[in-house]
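Asker: Each chain, letter by letter, is given below.
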Amino acid sequence: MAYQMNGTSVETDEEGYITDISLWSKDLADLIAQDENIDMTDDHWEVVNFLRDYYEEYQIAPAIRVLTKAVKKSLGPDKGNSKYLYELFPYGPAKQACKIAGLPKPTGCI
Amino acid sequence: MHEEDEFGESGVVKRFMYVNRKAPYGTIYALECLEMILIAAAFDQDVSVVFADDGVYQLKKGQDTKAVNMKNFSPTYRALDDYDVEKIYVEKESLEARGLSADDLVIPVEVVAAADLVEIMAAQDVVLSS
Numbered sequence: 000m001a002y003q004m005n006g007t008s009v010e011t012d013e014e015g016y017i018t019d020i021s022l023w024s025k026d027l028a029d030l031i032a033q034d035e036n037i038d039m040t041d042d043h044w045e046v047v048n049f050l051r052d053y054y055e056e057y058q059i060a061p062a063i064r065v066l067t068k069a070v071k072k073s074l075g076p077d078k079g080n081s082k083y084l085y086e087l088f089p090y091g092p093a094k095q096a097c098k099i100a101g102l103p104k105p106t107g108c109i
Numbered sequence: 000m001h002e003e004d005e006f007g008e009s010g011v012v013k014r015f016m017y018v019n020r021k022a023p024y025g026t027i028y029a030l031e032c033l034e035m036i037l038i039a040a041a042f043d044q045d046v047s048v049v050f051a052d053d054g055v056y057q058l059k060k061g062q063d064t065k066a067v068n069m070k071n072f073s074p075t076y077r078a079l080d081d082y083d084v085e086k087i088y089v090e091k092e093s094l095e096a097r098g099l100s101a102d103d104l105v106i107p108v109e110v111v112a113a114a115d116l117v118e119i120m121a122a123q124d125v126v127l128s129s
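Line order of the protein sequences matches chains A and B. One point on numbering: in numbering that gives the first Met the number 0, the residue at position 82 of the first sequence is 81, and numbering is uninterrupted. One point on numbering: in numbering that gives the first Met the number 0, the residue at position 16 of the second sequence is 15, and numbering is uninterrupted.
Warning: the hint list may mix true and false statements.
[What the hints assert, rightly or not] Calculated cross-link-like contacts (lysine to aspartate or glutamate; reagent style DMTMM-like; alpha-carbon spacing at most 20 Å): (1) Lys-68(A) x Glu-85(B); (2) Lys-65(B) x Glu-56(A); (3) Lys-60(B) x Glu-56(A); (4) Lys-71(A) x Asp-81(B); (5) Lys-68(A) x Asp-83(B); (6) Lys-59(B) x Glu-56(A); (7) Lys-71(A) x Asp-80(B); (8) Lys-72(A) x Glu-85(B); (9) Lys-25(A) x Asp-52(A); (10) Lys-72(A) x Asp-81(B); (11) Lys-86(B) x Asp-124(B); (12) Lys-59(B) x Asp-80(B); (13) Lys-68(A) x Asp-43(B); (14) Lys-72(A) x Asp-83(B); (15) Lys-104(A) x Glu-31(B); (16) Lys-70(B) x Asp-52(A); (17) Lys-68(A) x Asp-81(B); (18) Lys-104(A) x Asp-43(B).
For the record, the hints were derived by calculation from the structure and aren't laboratory data. Note that the coordinates shown come from a computational prediction; the quantities given were computed from them, not determined experimentally.
Generate coordinates for the entire structure from the input sequences, incorporating the hints supplied.
Answerer: Written out as structure tokens, the structure is:
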């Protein structure tokens, strides 16, 4: 599969994660989010940006438990809990948010 | 994917030890082992990690991988703490033989003599060497 962005084609793997992280852009994120039936709000962006920062620092996409804990540490308990994150990303916050953030599938996901 | 409480409740927790003996680049062993460690930790297993022989280079600060065209994955060891992997041992003899000390490493570790490592190893359910 591939996304078409401004005339260039961005390849994904069989699960829909883009294969070249350097081709990510905010517009592409909106496109991926549409495919996931997610309407991106500031709250969604906050989590997506958080994941991109995490990846930048640690070179991995965190598993859900790790993401929840890290969000709690940095954005507080109101956001660092699975209920809040699942409301934003119903098919799995780590999985869906990582896809939108242009990151690989979280390490620790089967 | 591992979702909270979905798998953790089955309750079987084993003591897994991962022994890293190879230099970080040139082969895929170090990176693959790190992924195994993170997966085991994500499934709430009791994880210990050992670095011995050239494996101690995996934790060396200041890695520059441009020339070998591989991703520098040493920052990922710093995520072990987030995954609650806290038992990280480095074999004292291997470290000293390479002129290194704990200060040269990207994460805090417990430096352990080979003789003491034997006992820690004997207490595990599973020991995987790579």
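Asker: Compare the structure with each hint and give your call.
Answerer: Here is how each hint holds up against the structure:
Between Lys-68(A) and Glu-85(B), the direct Cα distance comes to roughly 16 Å. Compliance with the 20 Å bound is thereby established for this hinted pair. Distance restraint check for Lys-65(B) and Glu-56(A): the Cα-Cα separation of roughly 18 Å lies within the 20 Å cut-off, and the hinted pair is therefore satisfied. For the hint pairing Lys-60(B) with Glu-56(A), the CA-to-CA distance comes to about 15 Å; that is within 20 Å, so the pair holds. Pair hint Lys-71(A) plus Asp-81(B) holds up; C-alpha atoms about 12 Å apart against a cutoff of 20 Å.
Taking the CA atoms of Lys-68(A) and Asp-83(B), the gap is about 11 Å. The hint holds against a cut of 20 Å. Proposed proximity of Lys-59(B) and Glu-56(A) is supported: the alpha carbons are some 17 Å apart, at most 20 Å. Taking the CA atoms of Lys-71(A) and Asp-80(B), the gap is about 15 Å. The hint holds against a cut of 20 Å. Our distance criterion of 20 Å between C-alpha atoms is met by Lys-72(A) and Glu-85(B), whose separation comes to about 18 Å.
At roughly 14 Å between alpha-carbon atoms, Lys-25(A) and Asp-52(A) fall within 20 Å of each other, so this suggested pair holds. Between Lys-72(A) and Asp-81(B) the alpha-carbon distance is near 11 Å, which keeps this suggested pair within the 20 Å criterion. Taking the CA atoms of Lys-86(B) and Asp-124(B), the gap is near 15 Å; set against the 20 Å cutoff, the hint holds. Of the supplied pair hints, the one linking Lys-59(B) and Asp-80(B) holds, its CA atoms being roughly 17 Å apart against a limit of 20 Å.
Taken as a hint, the Lys-68(A) and Asp-43(B) pair is honoured in the structure, with Cα atoms around 14 Å apart against an allowance of 20 Å. About 14 Å separates the Cα atoms of Lys-72(A) and Asp-83(B), which keeps this hinted pair within 20 Å; it holds. Annotation: proposed proximity of Lys-104(A) to Glu-31(B) holds, straight-line Cα distance about 15 Å (limit 20 Å). As the CA atoms of Lys-70(B) and Asp-52(A) are separated by approximately 17 Å, the hinted pair is consistent with the 20 Å bound.
With a C-alpha separation of about 8 Å, the suggested pair Lys-68(A) and Asp-81(B) falls inside the 20 Å cut-off, and the hint holds. Proposed proximity of Lys-104(A) and Asp-43(B) is supported: the alpha carbons are some 19 Å apart, at most 20 Å.
Violated hints for the displayed structure: none, as all numbered hints are satisfied.
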